[in-house]
Amino acid sequence: MICENCKQRPAKVTVTQVQNGDQVQRHYCEVCAKNFHPFHLDFQQDPLSLHQLLSNWFGVPESKQVQQKPQPESKTCSSCGWTFRQFLNQGKFGCAHCYESFHKQLPDVFKKLHNGNVKHVGKAPGTFGQTLQLKKQIEAIRTSMRTAIEIENFEEAARLRDEARSLEEQLQSGGENRDVH
Amino acid sequence: MSIERFLNNSVTSWMAGEGEHADIVMSTRIRLARNLTGYRFPLSFTENEALQVDQAISAVLLDAEAELESTFSYIDIKELSALNRQVLVEKHLISPKLAHSEVAGSVLLSDDEAVSVMVNEEDHIRIQCIFPGMQLNEAWRQANHIDDVLEKELPYAFDEQFGYLTSCPTNTGTGLRASVMMHLPALTMTKQMDRIVTAITRLGMVVRGIYGEGSEALGNVYQVSNQTTLGKSEEDILTDLQSITEQIIQKEREARAALLHTRPNVLEDRLYRSLGVLTYARLLSTEEAGRCLSDVRLGIDLGLIKGVDVSILNECMVFMQPGFLQKYAGTSLQPEERDVFRAKLFRERLQVDNNLDNEGEEPHDV
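For the record, the sequence lines run as chains A and B.
Per the UniProt record's numbering, residue 1 is the first one in the first sequence, and the count goes up by one each step.
Per the UniProt record's numbering, residue 1 is the first one in the second sequence, and the count goes up by one each step.
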């Protein structure tokens with residue numbers, strides 16, 4: 001019998017595959033058998049095995065996880081009920097609120113995953129961008145107001161205070177009123 | 001639009017074999033991960049939350065068809081048979097994770113199948129755009145446009161520090177995964193891939209075979225994608241990936257030229273033998289088919305093999321997978337029967353090409 005794969009060398013290795021409950025035997029030569037790998041499309045496993053990596057970084061030995069009870073000091077997310085340990089084990093967040101619940105521990109996690117980065121740069125939702133812009137504008141006005149008070153220019157300070165106040169109202173009403181002046 | 005069309009229509013737009021650097025880059029994919037505020041992530045939410053999320057997202061997208069200048073079909077995953085789910089996975093229109101989902105999940109597919117919006121996969125929203133060839137910016141523009149349309153109506157989970165909040169911390173930030181699928185036979189033959197993979201990993205990117213598992217990439221098809229999503233803007237991610245990809249293309253071209261220059265007879269012999277196998281074999285394993293397809297495609301690219309369509313590699317890598325084969329056979333197949341049908345599929349496919357070719361060459365001979 002010759003190898004089913006290269007069809008050149010004699011077959012010396014028999015591989016038994018079980019698919020859908022049926023056994024199939026394949027015959028390969030030693031060279032091809034070494035390279036043999038079944039063709040799986042159903043790769044459900046995370047190729048990174050992220051939970052394993054995270055657990056190891058934070059000193060949770062993989063084999064002991066099952067026996068360990070969640071420690072009392074382990075933080076729990078109030079929205080989905082996941083603990084920080086559960087996050088480490090699964091390698092996933094249960095909900096958006098987890099980011100707030102585990103806020104303190106997250107920079108270390110992200111540093112490892114994203115080349116040392118811990119802060120988002122890039123696109124932000126439009127509505128969020130507007131709010132952020134308003135907040136920055138108010139902060140800038142407050143700074144100039146303090147300067148005005150220091151140099152005793154109270155008239156200017158009062159004007160700036162009113163301007164900041166009107167922007168704050170806008171912020172609270174969802175940034176709808178865009179006429180600033 | 002009936003769901004059947006997506007299942008029976010085997011050729012999809014990303015397989016066209018066109019676009020920039022189409023001789024090496026098979027397709028470009030952009031994926032954006034987004035979640036809604038007020039609902040927990042699919043890993044922990046209730047069936048009720050799943051339904052509400054599903055309805056909210058599909059309603060907004062179906063309403064925006066005019067603005068997006070395309071028509072979307074809503075497909076409920078639960079209503080699909082296991083085989084049909086697998087076919088959609090093999091066409092890269094849904095992920096294996098969504099195919100196995102146990103909650104209310106769906107996919108919204110554009111008519112040309114270039115856009116698929118998955119609902120309740122690992123995140124509430126996964127926007128995916130696949131274009132043929134090297135089209136990172138084009139695919140990004142489209143995905144970004146859909147994202148803009150959705151964010152106008154849907155409140156996203158977003159944080160000033162962490163950006164778009166996703167279920168997996170490897171997506172946090174931009175939620176952007178950009179990937180380029182490349183055919184790299186010459187770099188594989190000349191054993192340069194290991195070195196390239198190591199170098200690229202250091203730059204915050206990943207290279208892996210997308211078909212098959214194990215040490216070798218089936219059909220010499222590799223996927224290069226960004227790993228970092230936090231602390232790097234979308235533009236920077238795309239620019240870096242573009243530049244890495246262009247360097248790999250350059251190296252692949254050099255390796256092809258070197259192979260052709262040093263041992264033209266050996267190379268030509270190997271490529272034509274593979275064409276012979278695909279044309280005449282009666283039993284074809286996945287491994288052998290992958291290797292031969294890669295050889296034939298290389299032969300076409302080098303101008304050695306004529307009369308075979310360039311899309312053969314893109315298409316046949318998909319069609320020879322279990323789901324499509326069973327669709328083609330019209331019945332479920334045991335593994336050894338698949339080898340028979342795989343061989344039959346290739347014979348027919350190449351026969352079709354030959355007939356077309358003859359018609360083109362001898363129109364006066366009728």
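Hint data in this document are derived by calculation from the structure and do not stem from the laboratory.
Keep in mind the model is a prediction, meaning the values are calculated, not measured.
Mixed in with the good hints, there may be bad ones.
Capping the alpha-carbon separation at 16 Å, the derived lysine to aspartate or glutamate pairs in EDC-like fashion look like this [said to hold, decoys possible]:
hint, chain 1, residue 1, chain 2, residue 2
1, A, LYS119, B, GLU337
2, B, LYS327, B, GLU337
3, A, LYS119, B, ASP236
4, A, LYS135, B, ASP23
5, A, LYS104, B, ASP240
6, A, LYS135, B, ASP159
7, A, LYS119, B, ASP159
8, A, LYS136, B, GLU160
Q | Numbers of unmet hints, in rising order | A | Result: hints 1, 4 and 5 break, sorted rising.
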